[in-house]
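What follows is each chain in one-letter form.
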Amino acid sequence: MSWFVTLGVIAGVLAVDQRAGWQSLLAQPVFAAVLVGSILGEPWVALAVGVVLELIYLSIVPMRGAKTPDHIAAGVVGGGTASLLLRHTGESRIAFVCAVGLFLGLVAGELGARLALPMFGLQNRFLSSVEFSPDTGRRRLARRVFLLHVSSVGFIFMVESLLVLALCAGGYYVGERFTRLVDGTLVQGAMWWGSLGTAIGVASIIHLFWQHRLRRVLIVCALLVVIVLWLM
Amino acid sequence: MTGRLGTWDLFRVFLRLLFLQGLLNRRGMQNLGLASALGPVSSKLDAGDNSLLFRHLSFFNCNPNFVPLVVGGVLRLEEEKLAGRPVSDEDIDRFKKALAGPLAAMGDMLFMGSAKPLALTFACVFAIYKFPIGLLAVFLLYNVTIISCRLWGVYFGYAKGWELVDVLSGSRFQKILSIAEGASVGVGGVLLGILLYRFSDNGLTMVLPGAALATITLYLLRRDVPASWVAIVLLPTCAFIALLTG
Chain A
1 MSWFVTLGVI AGVLAVDQRA GWQSLLAQPV FAAVLVGSIL GEPWVALAVG
51 VVLELIYLSI VPMRGAKTPD HIAAGVVGGG TASLLLRHTG ESRIAFVCAV
101 GLFLGLVAGE LGARLALPMF GLQNRFLSSV EFSPDTGRRR LARRVFLLHV
151 SSVGFIFMVE SLLVLALCAG GYYVGERFTR LVDGTLVQGA MWWGSLGTAI
201 GVASIIHLFW QHRLRRVLIV CALLVVIVLW LM
Chain B
233 MTGRLGTWDL FRVFLRLLFL QGLLNRRGMQ NLGLASALGP VSSKLDAGDN
283 SLLFRHLSFF NCNPNFVPLV VGGVLRLEEE KLAGRPVSDE DIDRFKKALA
333 GPLAAMGDML FMGSAKPLAL TFACVFAIYK FPIGLLAVFL LYNVTIISCR
383 LWGVYFGYAK GWELVDVLSG SRFQKILSIA EGASVGVGGV LLGILLYRFS
433 DNGLTMVLPG AALATITLYL LRRDVPASWV AIVLLPTCAF IALLTG
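So the protein lines, in turn, are chains A and B.
Under my numbering, the residues of the first sequence are numbered 1 to 232, in order.
Under my numbering, the residues of the second sequence are numbered 233 to 478, in order.
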């Protein structure tokens, strides 16, 4: 339980950075998963999960204001559950645990976005309705706006913390049952899926840069890298 | 600093502006965040009433990384107004609106469209090769850039005041944007090449389904189906195929 609380607190801090702060990139799955994995003592497994999540989400980066998955929930739940499963279940099939963590991260990302939406919508409605009386003194007005600022940041922290706490606990429970019950054939299927995640990443990168006027640079760089790596 | 506001005053404004988005709302967008940031200096710029904070509670929206630039300029104009120079409340409002729109578009193109994808693609390349120092370097470099841009914005905006409009209408920004775009696409190409090469290591049995999946995903992405949904639906499909093939 204490691990889930820790993951919830981390997610809360990341949410403050992402939603209220200067968006330091820590909330992106590749960084969030590594951070969580390092705390749980399994950074490499979390890194493997985080990088595939990031590749899948790359195509969503520039769409500002669009409905996007909850990157924080995805990174923390994905990296966290993979690390916890490896640590506590004695599971030795690392690629399989990564695939499970990746799947749980993706589901947590979708669920997190849908569950947080009404809460942040409520916050938005409240902030939109705030009115200040013209009679309020300067010092009092400044203090009220500052208190509103602090409480709004606190609300963001609380919502994301509780959300990720619940998603981590649920994700770990599902992941643990799944790893215990699943047989060899299904393990193979999950590992195929984990490998095919890269193909979705390839599509994401092409989609991200294809509309760009400099897409020739993309093709030339990709071909050069393939040739250099092949010659090496 | 030559005016009423000292270095520490501007630094306090900068600190509040770091969390500007915390008060984002549909009606006034960043208006409450802006008022919160002006709080620490309002006593020095108000003529003994609450008019400064009230005036800045009107609608305001800009790219958060360029807001400090606008705020710095606004602080200078507020100071000039208080010193008795011919600056009216309407002038300050016009200045704010004239800068906020174009800077929002520029900021989105530069930070959301180029710098962030560039940093994330670099991060993915380092993560694929399990190079944590590279990952840390990307994180530090990105944050130093963003924070120094915001810090510079407050001081530069305050130093320039009205001149800010002339400074920003030059062609220098277009050059920076072109470089950032080129770098972002180039690193995207490097990542694409690495992924293609590494995927070919899986053997022909995985390359063909991978190519088919990438094509289908690309088709679905063009039709606004998120890549995450494709990945989620794919797991049961893989499990089913694994069961069929034994």
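It is worth saying that the hints were derived from the structure and are not from the lab.
Glycine is no exception: its CB is placed at the ideal position from the N, C-alpha and C atoms.
There may be inaccurate statements among the hints.
Partial selection, computed: residues in chain B whose CB lies under 8 Å from chain A [claimed, not checked]:
{"#": "1", "residue": "Asp278"}
{"#": "2", "residue": "Cys356"}
{"#": "3", "residue": "Ser380"}
{"#": "4", "residue": "Leu427"}
{"#": "5", "residue": "Leu436"}
{"#": "6", "residue": "Leu440"}
With a Cα cut of at most 35 Å, we get these calculated DSBU-like pairs of lysine-lysine [as the list claims (entries may be wrong)]:
{"#": "7", "chain 1": "A", "residue 1": "Lys67", "chain 2": "B", "residue 2": "Lys362"}
{"#": "8", "chain 1": "B", "residue 1": "Lys348", "chain 2": "B", "residue 2": "Lys392"}
{"#": "9", "chain 1": "B", "residue 1": "Lys407", "chain 2": "B", "residue 2": "Lys362"}
{"#": "10", "chain 1": "A", "residue 1": "Lys67", "chain 2": "B", "residue 2": "Lys276"}
{"#": "11", "chain 1": "B", "residue 1": "Lys348", "chain 2": "A", "residue 2": "Lys67"}
{"#": "12", "chain 1": "B", "residue 1": "Lys362", "chain 2": "B", "residue 2": "Lys348"}
{"#": "13", "chain 1": "A", "residue 1": "Lys67", "chain 2": "B", "residue 2": "Lys329"}
{"#": "14", "chain 1": "B", "residue 1": "Lys329", "chain 2": "B", "residue 2": "Lys348"}
{"#": "15", "chain 1": "B", "residue 1": "Lys407", "chain 2": "B", "residue 2": "Lys392"}
{"#": "16", "chain 1": "B", "residue 1": "Lys276", "chain 2": "B", "residue 2": "Lys329"}
{"#": "17", "chain 1": "B", "residue 1": "Lys407", "chain 2": "B", "residue 2": "Lys329"}
{"#": "18", "chain 1": "B", "residue 1": "Lys362", "chain 2": "B", "residue 2": "Lys276"}
Simulated restraints, written as ranges between beta carbons of each label pair [what the hints assert, rightly or not]:
{"#": "19", "chain 1": "A", "residue 1": "Tyr173", "chain 2": "B", "residue 2": "Asn375", "range": "47 to 55 Å"}
{"#": "20", "chain 1": "B", "residue 1": "Arg404", "chain 2": "A", "residue 2": "Arg114", "range": "25 to 33 Å"}
{"#": "21", "chain 1": "A", "residue 1": "Trp44", "chain 2": "B", "residue 2": "Asp398", "range": "51 to 59 Å"}
{"#": "22", "chain 1": "B", "residue 1": "Lys329", "chain 2": "A", "residue 2": "Leu229", "range": "16 to 24 Å"}
Hint by hint, here is what the structure shows:
no.: 1; hint: Asp278; result: 6 Å, holds
no.: 2; hint: Cys356; result: 6 Å, holds
no.: 3; hint: Ser380; result: 11 Å, violated
no.: 4; hint: Leu427; result: 5 Å, holds
no.: 5; hint: Leu436; result: 13 Å, violated
no.: 6; hint: Leu440; result: 11 Å, violated
no.: 7; hint: Lys67(A) / Lys362(B); result: 31 Å, holds
no.: 8; hint: Lys348(B) / Lys392(B); result: 28 Å, holds
no.: 9; hint: Lys407(B) / Lys362(B); result: 34 Å, holds
no.: 10; hint: Lys67(A) / Lys276(B); result: 42 Å, violated
no.: 11; hint: Lys348(B) / Lys67(A); result: 18 Å, holds
no.: 12; hint: Lys362(B) / Lys348(B); result: 21 Å, holds
no.: 13; hint: Lys67(A) / Lys329(B); result: 28 Å, holds
no.: 14; hint: Lys329(B) / Lys348(B); result: 26 Å, holds
no.: 15; hint: Lys407(B) / Lys392(B); result: 22 Å, holds
no.: 16; hint: Lys276(B) / Lys329(B); result: 23 Å, holds
no.: 17; hint: Lys407(B) / Lys329(B); result: 24 Å, holds
no.: 18; hint: Lys362(B) / Lys276(B); result: 52 Å, violated
no.: 19; hint: Tyr173(A) / Asn375(B): 47 to 55 Å; result: 36 Å, violated
no.: 20; hint: Arg404(B) / Arg114(A): 25 to 33 Å; result: 43 Å, violated
no.: 21; hint: Trp44(A) / Asp398(B): 51 to 59 Å; result: 52 Å, holds
no.: 22; hint: Lys329(B) / Leu229(A): 16 to 24 Å; result: 51 Å, violated
The structure does not agree with the numbered hints 3, 5, 6, 10, 18, 19, 20, 22 stated previously, though it agrees with the rest.
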